[in-house]
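Peer 1: Sequence:
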Amino acid sequence: MNSVERLFDRMPESADRLSSTGTWESGARQWPSSEQQTLICCRIVEETHDVRTFEFRTEDGLPVRFEPGQFMTVSGTVQGQSVARCYTISSPPTRPYLVSITVKRVPGGVMSNWLHENMKPGNQLHAYGPSGAFTSTASAAPKSLYLSAGSGVTPLMSMTRASVDLGLDRDIAFVHSARTPADIVFREELQRLVKLSPRLKVFFVCEGIGNEKTWVGATGRLSIQLLSEWLPDYADREVFTCGPAGYMSAVRDLLREGGHDPARYHQESFDISAAVAPEPAAPERERAQDTFTVKLSRSSKTFTMGVSETVLSAAKKAGVVIASSCTQGVCGTCKTKVLEGTVDMKHNGGIREREVQKGFRLLCCSRPTSDLVLEL
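Residue 2 is where the sequence shown starts when you use our numbering, and the numbers rise one by one after that.
Simulated from the structure, these hints should not be mistaken for lab results. Possibly wrong hints are sitting among the right ones.
[Stated by the list, open to error] Straight-line Cα separation of at most 20 Å, PhoX-like style, residue types lysine-lysine; simulated pairs:
(1) 318 to 296
(2) 317 to 338
(3) 302 to 318
(4) 196 to 214
[Said to hold, decoys possible] Computed beta-carbon distance windows for the label pairs:
(5) 99 to 31: 13 to 21 Å
(6) 127 to 338: 46 to 54 Å
(7) 110 to 218: 27 to 35 Å
(8) 99 to 208: 45 to 53 Å
(9) 210 to 79: 16 to 24 Å
(10) 298 to 245: 39 to 47 Å
Bear in mind that the values here come from a model prediction, so they are computed numbers and not experimental data. Just so it is clear, CB atoms sit at the ideal spot from N, CA and C, and this is done for glycine as well.
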């Protein structure tokens with residue numbers, strides 16, 4: 002039996018399996034989020050006038066496993082500078098030999114413009130392994146509501162494609178907001194997927210009609226009235242939201258107003274422009290020492306650091322190369338196992354509780370509370 006046959010031999014037979022992390026962790030090889038690999042561009046798809054999907058395969062041609070909704074941190078050299086950005090994997094894990102990211106060209110966006118202008122079939126791109134906790138495997142709810150705006154459609158598209166690929170016919174309501182009908186990413190595909198999965202419902206709302214004079218869909222912005230009209234049972238659904246920060250804030254308030262349980266609300270965002278404030282140093286009487294020693298188990302390198310520094314920043318000052326991207330506890334790239342010692346970690350969703358239980362920490366948002374030994 003070849004690797005493709007083995008993969009589909011393990012595919013879930015019920016919706017419950019789709020909500021199991023083990024489903025996706027058994028399909029192909031592990032690609033650690035801290036490990037950088039080379040991807041080869043296979044195809045570029047024009048989704049809208051300013052959105053393109055870039056499809057890649059791994060350099061060695063092997064499949065990749067990930068969970069629907071996770072992202073990759075891609076890096077490139079732009080004008081002589083190394084630039085890294087997080088992009089959701091828009092392809093589903095049911096197609097592990099092809100990994101795609103869907104990128105909106107943003108005015109002034111360094112990486113998005115570079116990708117649109119330079120990436121061609123056959124070109125290489127460096128990326129760190131899949132990461133992130135925003136995934137449909139986080140819940141086994143029987144009914145879901147996906148809310149997205151703009152390019153925030155990508156993680157929810159991966160989730161939807163996975164469900165349809167597996168023939169699960171899950172009860173999913175997908176509501177996407179766009180500037181105009183011409184800006185709806187994956188518009189035709191979503192309409193096609195509805196025909197393949199009878200319980201999948203798709204709704205679009207556009208701020209204006211643009212040049213599409215025949216548009217008969219909803220116009221304006223998403224409201225509780227519109228949501229109630231489309232989905233009277235929205236309060237009973239597990240909600241997954243992705244889009245600009247302002248959109249997600251408005252959606253969160255809208256759902257709260259409508260009586261939706263906040264505990265059943267999940268969102269994703271890479272809006273990390275606001276820097277995390279440095280942790281204040283603890284008062285003298287509350288700490289036993291001002292500096293700690295950090296040892297790297299693989300290289301046997303040792304350095305000292307202060308209590309107010311993050312482990313990542315101290316390591317870089319000591320000349321230790323550690324994969325990192327956002328530096329805000331979001332992307333998970335700097336995830337490292339702490340073999341000995343303790344840290345105070347204040348992250349922003351870039352690590353799962355099960356990973357914490359296994360001893361992993363995000364070095365960009367961890368400050369030492371003792372001497373440390375790291376698996377590096």
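Peer 1: Now tell me if each hint is right for this structure.
Peer 2: Here's how the hints hold up against the structure:
With a C-alpha separation of about 14 Å, the suggested pairing of residue 318 with residue 296 holds against the 20 Å cut-off. Restraint check for residue 317 and residue 338: the C-alpha separation of about 17 Å stays at or below 20 Å, so the hint holds. Restraint check for residue 302 and residue 318: satisfied, since their Cα atoms lie roughly 13 Å apart, inside the 20 Å limit. Our distance criterion of 20 Å between C-alpha atoms is broken by residue 196 and residue 214, whose separation comes to about 25 Å.
Take residue 99 and residue 31: their Cβ atoms lie about 18 Å apart, and the range 13 to 21 Å holds. Between residue 127 and residue 338 the Cβ separation comes to about 23 Å, which falls outside the hinted range of 46 to 54 Å. Between residue 110 and residue 218 the C-beta distance comes to about 28 Å, which sits within the given range of 27 to 35 Å. Hint check: residue 99 to residue 208, Cβ distance near 33 Å, so the stated range 45 to 53 Å is violated.
A hinted range of 16 to 24 Å for the beta carbons of residue 210 and residue 79 is inconsistent with their spacing of about 36 Å. A C-beta distance of roughly 41 Å is found between residue 298 and residue 245, which places it inside the suggested range of 39 to 47 Å.
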